[in-house]
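Chemist: Quick note: to get the working numbering, add 59 to the position in the sequence shown (first position is 1).
Careful: at least some of the hints might be erroneous.
[Claimed, not checked] Capping the alpha-carbon separation at 25 Å, the derived lysine-lysine pairs in DSS-like fashion look like this:
1. LYS234 x LYS183
2. LYS189 x LYS133
3. LYS183 x LYS204
4. LYS187 x LYS374
5. LYS471 x LYS278
6. LYS471 x LYS424
7. LYS234 x LYS411
8. LYS183 x LYS133
9. LYS234 x LYS133
10. LYS189 x LYS138
11. LYS187 x LYS138
12. LYS471 x LYS271
13. LYS189 x LYS234
14. LYS424 x LYS374
15. LYS138 x LYS183
16. LYS411 x LYS189
17. LYS204 x LYS424
18. LYS267 x LYS278
19. LYS189 x LYS204
20. LYS260 x LYS271
21. LYS234 x LYS271
22. LYS234 x LYS260
23. LYS374 x LYS183
24. LYS260 x LYS424
Think of the hints as simulated: they come from the structure by calculation, not from any bench. Everything numeric in this text was worked out from a predicted model, so none of it was measured.
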Amino acid sequence: MKTRRLIWMVWLGTSIVWSGFASAETLAGRTQPGDLHQTATGAASETVALEQLVREAEANNPAIAASKYNVEAKRSLVKPARTLPDPTIGFQHMGDIFPFGLQEGDPSSARTYSIQQEVPFPGKLGLKGKMAETEAAAEVSNREKTRRDVIADLKVTYFDYYLICQSIETVERDKQLLQNFSDIAQEKYRVGQGIQQDVFKAQVEISKLIEKRTVLEQKRSAAVSQINNLTYRTPGTPMGQPVRLQVPNLGYSLEQLNDLAQGAFPELQLKEREIERNRYAVDLARRNYFPDFMLGFTYYDRTVPEMYGLMLNAKVPLYFWRRQDHELAAARSTLNSSRSMRDNTAATVYAKLQENYSLARSAEKLVQLYDHDLIPQSRLALQSAMASYQVGRVDFLTVINGLLTLLENELKYHEVLSEFHKALARLEPYAGIQLTP
């Protein structure tokens, strides 16, 4: 009777292993994204697509909203920069206080009404307006940089979230397999065909998987919190399961991505606008060697014939060697600094592109290796170990090791698949194109 029960338990364990292999096929990426909506707990509402989160972030993220307001603020400063300084108006009374009035017969007794207008040397206001325009254009580039950075951070977090969810699913499935193996080992021990050490070994490995599941749950909570933060959702908003990832084709060479980045990367555009702005600043510093003017008009209301006065003052840069020379030198240094910063940014862009492009290509190869070689091989090895264990040709430890190897390869598959998509997400802000599916 005990032998029959043992045979039944072994048969059940084998069946479960085979069903686990079917699940492994899904884990290895052979399920299309649409299939997940039909198989994963049922409803499409329980999955969350990356495109949906991106739309939410673009519409609600506070950093993106703040960058838009910054653009509006800079654009609002263009007209004031081109506008003359406010005029000065004046009133003066020269006469009696009590009673208030002019003194008869005194030509110096009068009420005067005046207006004065400061007029910068021709060209200065135009240069200030151009500087304000380039600052506004730079802010537009900064707004786009902020948007791309937020979306890239969101995608990277989403792909981490995918890895965590898939790891939890894999760990839970393999924990169930281990539990059934433990039951088999327990039954064999009861009928005298096994050793108690096998039971303890299975229980230890189950406890390790429980520990791994606990750590993954904590990471999942942190990832959900970060996604809610980037999309500006209410803290604690639950998150559905991520859509299963596929392996897109990276149809660009490193040189092509670099060419795209040199023309489209917002930070490079920002540096170019800063150079342009600083060129205008140098021109303005040169014009500061020329005087600004003060124009004035005065009307004298008197008891004797009225008078009119005209005024023209010039602010002479008399101490130019102490002021204007140093201001021009500072403007030139700032221009040279902005050029060097532009060159440094261009070099950094290529280095970042090369780093993430190399990561993407390496991860792409590893995905294929795990999908087509390592996972199928470890699956066959476990099947062989199970078959041999049933006839007593291998010990229980061999079966456990086979299952743990399969678990490790499945987890690594999802890890490299996640790393591949994360590398693509980090390339997107530079190239200005969508590489992730």
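Chemist: Between LYS411 and LYS189, does the CA-CA distance stay at or below 25 Å?
Modeler: 33 Å, violated
Chemist: Is the straight-line distance between the alpha-carbon of LYS187 and that of LYS138 25 Å or less?
Modeler: Holds, at about 10 Å.
Chemist: Between LYS234 and LYS133, is the straight-line Cα distance small enough, at 25 Å or below?
Modeler: Violated. LYS234 to LYS133 sits at ~59 Å, over the 25 Å cutoff.
Chemist: Is the straight-line distance between the alpha-carbon of LYS471 and that of LYS424 25 Å or less?
Modeler: 13 Å, holds
Chemist: For a C-alpha distance cap of 25 Å, please report whether LYS234 and LYS183 respect it.
Modeler: 76 Å, violated
Chemist: For the pair we were handed, LYS234 and LYS411, check the Cα-Cα distance against 25 Å.
Modeler: 40 Å, violated
Chemist: Given the proposed pairing of LYS187 with LYS374, does the C-alpha separation stay at or below 25 Å?
Modeler: 19 Å, holds
Chemist: Need the status of pair LYS267, LYS278: alpha-carbon distance at most 25 Å?
Modeler: 17 Å, holds
Chemist: Tell me if the straight-line CA distance from LYS424 to LYS374 falls inside 25 Å.
Modeler: With a Cα-Cα distance of about 71 Å, the restraint between LYS424 and LYS374 is violated, given a limit of 25 Å.
Chemist: Does LYS271 lie within 25 Å of LYS471 when you go C-alpha to C-alpha?
Modeler: 14 Å, holds
Chemist: Holds or violated: LYS471 with LYS278, Cα cutoff 25 Å?
Modeler: Satisfied, since the Cα-Cα distance of roughly 17 Å is no more than 25 Å.
Chemist: Check whether the Cα positions of LYS189 and LYS204 lie no farther apart than 25 Å.
Modeler: 23 Å, holds
Of the numbered hints stated above, those contradicted by the structure are hints 1, 3, 7, 9, 13, 14, 16, 17 and 24, listed in ascending order.
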